[in-house]
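Novice: As a plain string of letters, each chain reads:
There are 4 protein chains.
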Amino acid sequence: MDPSSPADTIPKTLIDVSELSVALATFAAERDWDQYHSPKNLSMALVGEVGELSEIFQWLTEEESRSAGTNPNTATAVHEELADVTLYLVRLASVLGIDLDEACRQKLQKNAAKYPIAKAHGSNKKYNKL
Amino acid sequence: MDPSSPADTIPKTLIDVSELSVALATFAAERDWDQYHSPKNLSMALVGEVGELSEIFQWLTEEESRSAGTNPNTATAVHEELADVTLYLVRLASVLGIDLDEACRQKLQKNAAKYPIAKAHGSNKKYNKL
Amino acid sequence: MDPSSPADTIPKTLIDVSELSVALATFAAERDWDQYHSPKNLSMALVGEVGELSEIFQWLTEEESRSAGTNPNTATAVHEELADVTLYLVRLASVLGIDLDEACRQKLQKNAAKYPIAKAHGSNKKYNKL
Amino acid sequence: MDPSSPADTIPKTLIDVSELSVALATFAAERDWDQYHSPKNLSMALVGEVGELSEIFQWLTEEESRSAGTNPNTATAVHEELADVTLYLVRLASVLGIDLDEACRQKLQKNAAKYPIAKAHGSNKKYNKL
Chain S
10 MDPSSPADTI
20 PKTLIDVSEL
30 SVALATFAAE
40 RDWDQYHSPK
50 NLSMALVGEV
60 GELSEIFQWL
70 TEEESRSAGT
80 NPNTATAVHE
90 ELADVTLYLV
100 RLASVLGIDL
110 DEACRQKLQK
120 NAAKYPIAKA
130 HGSNKKYNKL
Chain W
10 MDPSSPADTI
20 PKTLIDVSEL
30 SVALATFAAE
40 RDWDQYHSPK
50 NLSMALVGEV
60 GELSEIFQWL
70 TEEESRSAGT
80 NPNTATAVHE
90 ELADVTLYLV
100 RLASVLGIDL
110 DEACRQKLQK
120 NAAKYPIAKA
130 HGSNKKYNKL
Chain B
10 MDPSSPADTI
20 PKTLIDVSEL
30 SVALATFAAE
40 RDWDQYHSPK
50 NLSMALVGEV
60 GELSEIFQWL
70 TEEESRSAGT
80 NPNTATAVHE
90 ELADVTLYLV
100 RLASVLGIDL
110 DEACRQKLQK
120 NAAKYPIAKA
130 HGSNKKYNKL
Chain V
10 MDPSSPADTI
20 PKTLIDVSEL
30 SVALATFAAE
40 RDWDQYHSPK
50 NLSMALVGEV
60 GELSEIFQWL
70 TEEESRSAGT
80 NPNTATAVHE
90 ELADVTLYLV
100 RLASVLGIDL
110 DEACRQKLQK
120 NAAKYPIAKA
130 HGSNKKYNKL
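The listed protein sequences correspond, in order, to chains S, W, B and V.
In terms of my numbering, the first sequence opens at residue 10 and continues consecutively.
In terms of my numbering, the second sequence opens at residue 10 and continues consecutively.
In terms of my numbering, the third sequence opens at residue 10 and continues consecutively.
In terms of my numbering, the fourth sequence opens at residue 10 and continues consecutively.
The following block holds chain S by itself, in its conformation from the complex (with noise of 0.2 Å):
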C-alpha cells in the first residue's frame, strides 16, 4: 500500500461515541421511550435541534459567527444547541446499527477521492452541487 494514500493516514479511531450510546439508550429505556424513538422520529428532532442551531446565526455576519462560542450574547445557546444535534444524531446511529466511526472513516476516504488537493485549492467550487 502507498504510505501516503489518505486510507493510510486516518487513525484507528476517528470518533468513539460508545458510552453516549449507551448513556442514551439507559435514558430512553429508564422512561420508555423506545417507542417514541424510530429513526423517522430521530431525525425529525435532529432536524428541530439543527433548525434552533440555524436561528442563532441567521441574522449574523459570517464574521460574527466565527466569536459566537464565546460571546456572552450566544456561547449557552451554541453549547446547547451543539450539544442537541450530538444527543439526537447519536441516538439515531444507534437505533439504526450504525458505526459512526466507520461511517465517518469511508466519508473521508471517499471526500479525498473526490477532493484531491490540486483541484480542490481554495475554490469553493467543488461543493457545487447544483
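In short, the hints are calculated from the structure, not lab data.
Among the clues, some could well be false.
No distinction is drawn between identical chains; accordingly, a pair holds when it is met within one copy or between any pair of copies.
As the list claims (entries may be wrong) - Calculated pairs, EDC-like style, for lysine to aspartate or glutamate (alpha carbon to alpha carbon, straight line, at most 16 Å):
| # | residue 1 | residue 2 |
| --- | --- | --- |
| 1 | Lys123 | Asp43 |
| 2 | Lys116 | Glu89 |
| 3 | Lys119 | Asp43 |
| 4 | Lys116 | Glu28 |
| 5 | Lys123 | Glu89 |
| 6 | Lys119 | Glu72 |
| 7 | Lys128 | Glu89 |
| 8 | Lys128 | Glu71 |
Use these hints to put chains W, B and V onto chain S, whose structure you have.
Specialist: Positioned in the frame of chain S, the structure of chains W, B and V alone reads:
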C-alpha cells in the same frame, strides 16, 4: 455526593471526536477551505445534510424506518448521510472551539433533571415545546 | 396544442403572493431591516421556522398528525409555524426577484412529465432519490 | 377603528393559493398518493426541499446570495427549489385544513405588535430568541 445522582453515573468520556476533528482541520487546511468554514456557513451545510437524511425517511412508515440501516434500498444512503452530518457537526464544534463531550455531559444532566423518570414514563408530553 | 396536455389544464394563476410580498417589504423598510434580509440570511430563517414546524409533528404518529390542524393541543402552533414559513418564503422569493407563480407552474409541468399517472399510481418509489 | 392601525392597512387578500391547492390535490389523487401525504410526511418533504435550498447559499457570501436569482450558475436551482418548497408548503396547509391567508394575516398583526417601528429600527436584536 449522592451516589445515585445522574452526574455520578455519567462516565468520564461520553464522546471523543478529537481524531476526527484533527482529520477535518487537516483536510480543510490542505485545500485552503478555512476561509469558507465560518460557523454560519457550516451550520448551513449541516442543514443541507440533515435535509438529505430526512429525504430517506420521509415516505417510510415508522416501522419501515427501523430497518433502514440494513435494508439494501436505503443502507448506503443512511450510512453516507449520517457520516456527512457527523463530519459537519464535528467541524462546526471545532471552529467554534466547543468541547462536545463537555457540552453533552451538561445537557444530559439538564435533561435528567427536566424529565424525572417517574413523571416522564411512557409519555411523549415531556417533549412538547408548544 | 393537445387539449389534454398538463400545461393546458393548469389555471392562469396558481398562486398570488403580491399583496403579502408588498406588506413584507413595507414591514422591513419601516424597520430598516433590508440590510439583514439577504437571501442567505432569509434561507436560514426559513430553516429555523421549518424546524419549529417539524417539532410539532416529531413525536406524533402519521394518523395523529392528520388532525393536528384542529386538535386544541397543536392547532395554534400549526397555524403560527405555517404562517412563519410562508412569510419567510414569500420574502425570500421577493428579494431574489423570483416569480413564485411562474416557478410553480414550471415545476408542476416538470413533475407531470416525471411522474406519469400510469407508472406512479400508488407507489412511493417515484420519490426515491437514493 | 384607528385608521393607522396595522389591521387597517392589511389588504383583504394577502395570499391566494386556492388554484395551486386544487392542482396539487388533483395531482396526488390521480396517483393515489393521498396515503403518503400525512402532515408528518409532508413536513419531512418540506425539510428536504428547504435543505436543498440551503445548499445553494451555504458557501456564498451574503452579497453573492443577493444575485443568486439571476446568476446563471444558480438561477435555475433557485427557481426549482423555491417552487418545491412552495408546493409542499401549500399541500401541507391543504391537508391540514389551514387557511394560509388568514394565518398570515394574524401573524403579520402579531409581528407588528411585537416589533414596534420605533424600537426595532435597524436592530437585529428583536429577532433574538436566545
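Novice: Hints the structure violates: just list their numbers, smallest first.
Specialist: 1, 3, 6, 7 and 8
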